[in-house]
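K.L.:
Residue-level listing of the chains:
Number of protein chains: 2
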Amino acid sequence: MKHKTVGVLGGMGPDATVDFMSAVIALTQAGKDQDHIHMIVDNNPGVPDRQAAMKGDRLAVSKVLGDMALRLEAAGADFLVMPCNTAHAFLPEVLPKLHVPFIHIVNETVAEIANTQPRARQVGVMATNACIESDVYQSAILASGRRSILPPAERQQELMGLIHRIKRGDKGKAVKRAMRGIAMDLAKQGAEVIVAGCTEIPLVLGKDELDLPFISSTEVLARRTVAKASE
Amino acid sequence: MKHKTVGVLGGMGPDATVDFMSAVIALTQAGKDQDHIHMIVDNNPGVPDRQAAMKGDRLAVSKVLGDMALRLEAAGADFLVMPCNTAHAFLPEVLPKLHVPFIHIVNETVAEIANTQPRARQVGVMATNACIESDVYQSAILASGRRSILPPAERQQELMGLIHRIKRGDKGKAVKRAMRGIAMDLAKQGAEVIVAGCTEIPLVLGKDELDLPFISSTEVLARRTVAKASE
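Just so you know, the sequences run in chain order E and L.
Letter 57 of the first sequence, counting from 1, is numbered 57 in the working numbering, and no numbers are missing.
Letter 116 of the second sequence, counting from 1, is numbered 116 in the working numbering, and no numbers are missing.
Chain E extracted, bound-state conformation (with noise of 0.2 Å):
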């Protein structure tokens, strides 16, 4: 069959990119290279830093982002998709530029849980602190008739630093056990089910390591990905 043509705003990081591109052919039922779904993908590392950003130049990015958009549109993308939840908190400025459908990671995972844990009443958010302040997440749980549960500021931070050793390509044991420690103590606080709410995190955790489900905001965004492409 013929799909829609996807276009990927990517490179927020470019190894997450990559790990979503590879959960979409994964999840592609493809018996030779014409079956796939056809990605246009502009892996940039010209994005600001969204931490930065999102207490300073907020225009600084989402003015990236639009260009971007526009440019994956004129390449011929039938629908857009940003690999990057902190990115997600710019979109305010992005979303009114853009002439076709544009897929909302966060909005997703939360209709995710909502979907595949409807009893579960209490989220727990791994995410950066960008996107913590930005409230992107916490607002769309609540607007669910749930209840977020973050890590204490401490442990935020240490989040945030494992998040940045990830960026710069330390995905090792160490990372890995630092990662799932933080997740364990969100279901001790309360937790019954887990989002790794950055792109970054099902990298080094998955939900074979954890007693509690988890929900990879990569692996919903390939899945609606691959839903739309074939609509």
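Worth double-checking, as some hints may not be accurate.
A pair counts as met if it fits within one copy or between any two copies, since identical chains are not told apart.
Capping the alpha-carbon separation at 35 Å, the derived lysine-lysine pairs in DSBU-like fashion look like this [unchecked claim]:
id : residue 1 : residue 2
1  : K188      : K32
2  : K173      : K2
3  : K63       : K173
4  : K171      : K228
5  : K188      : K4
6  : K188      : K97
7  : K55       : K2
8  : K2        : K188
9  : K171      : K188
10 : K188      : K63
11 : K228      : K4
Since the hints were derived computationally from the structure, they do not count as laboratory data.
Bear in mind the structure is a predicted one, so any value in this text is a computation, not a measurement.
Got chain E sorted already, so can you dock chain L onto it with the hints?
P.N.:
Using the frame of chain E, we list chain L on its own:
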């Protein structure tokens, strides 16, 4: 430092393109997202089957490749790469259309033999049927003063079958073992170095699994891409 932007003619196959991107990312000295190389990637399933086109409608492939290259140029690529060896057989019709440099995976891989295995005179070539028929590897190897060792016809058909299995997503133990067997037979035929002249092969076979030097065309192209982007 500011890197050049690379345009990637991808999707042949999609997994091999992702493998190439991962190698570029891993080979880049980067402490944060902004240090990485800008890759604009067209993971395009719209390129017709290269095996069939070699004996039939060559222009059906070269037209799609040429259009893709021009779109990548328009999107801002400073140079182009194509992580698929077989598709390079169609380059004679594509190169005259381009306005930016193109890094040739076959020529770079053969140059790598001269650089790293200067005394090797017999080169085992693992590639698709169409790639072998096109003579791109054999002629480059001959020009470097070396001789190509190819699998006998029956083993070549087996290799082609394995490549199709990898493209269908089968990277299991049976495929790995059979692929290694083909490489080892080339060594018995006198090969002093093995070239993975198809970007699907490194998805199941690595240099640690062989007793003789093994050159991955994917890795060579990734290294040349990082060097060119940093010029």
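K.L.:
Does each hint hold? Answer for all of them.
P.N.:
Evaluated hints:
1. Only between protomers do K188 and K32 lie at most 35 Å apart by alpha-carbon distance; the minimum there is 32 Å, versus 46 Å within a single protomer.
2. For a Cα distance limit of 35 Å, the shortest separation of K173 from K2 across copies, 32 Å, qualifies, whereas the shortest one inside one copy, 42 Å, does not.
3. Taking CA atoms no more than 35 Å apart as the test, K63 paired with K173 passes in neither setting, with 37 Å inside one copy and 47 Å between copies.
4. For a Cα distance limit of 35 Å, the shortest separation of K171 from K228 qualifies both inside one copy, at 31 Å, and across copies, at 27 Å.
5. In this assembly of identical chains, K188 and K4 lie within 35 Å of each other by CA distance neither inside one copy nor across copies; the values are 43 Å within and 48 Å between.
6. Proximity of K188 to K97 under the C-alpha cut-off of 35 Å is found in neither arrangement, the shortest distances being 43 Å within a copy and 62 Å between copies.
7. For a Cα distance limit of 35 Å, the shortest separation of K55 from K2 across copies, 26 Å, qualifies, whereas the shortest one inside one copy, 43 Å, does not.
8. For the identical chains of this complex, K2 and K188 are neighbours neither inside a copy (47 Å) nor across copies (45 Å), given an alpha-carbon limit of 35 Å.
9. In this assembly of identical chains, K171 and K188 lie within 35 Å of each other by CA distance solely inside one copy; the values are 25 Å within and 39 Å between copies.
10. Taking the shortest Cα distances, K188 and K63 never come within 35 Å of each other, neither inside one copy (41 Å) nor across copies (59 Å).
11. In this homomeric assembly, K228 and K4 come within 35 Å of each other (Cα to Cα) both inside a single copy, at 8 Å, and across copies, at 33 Å.
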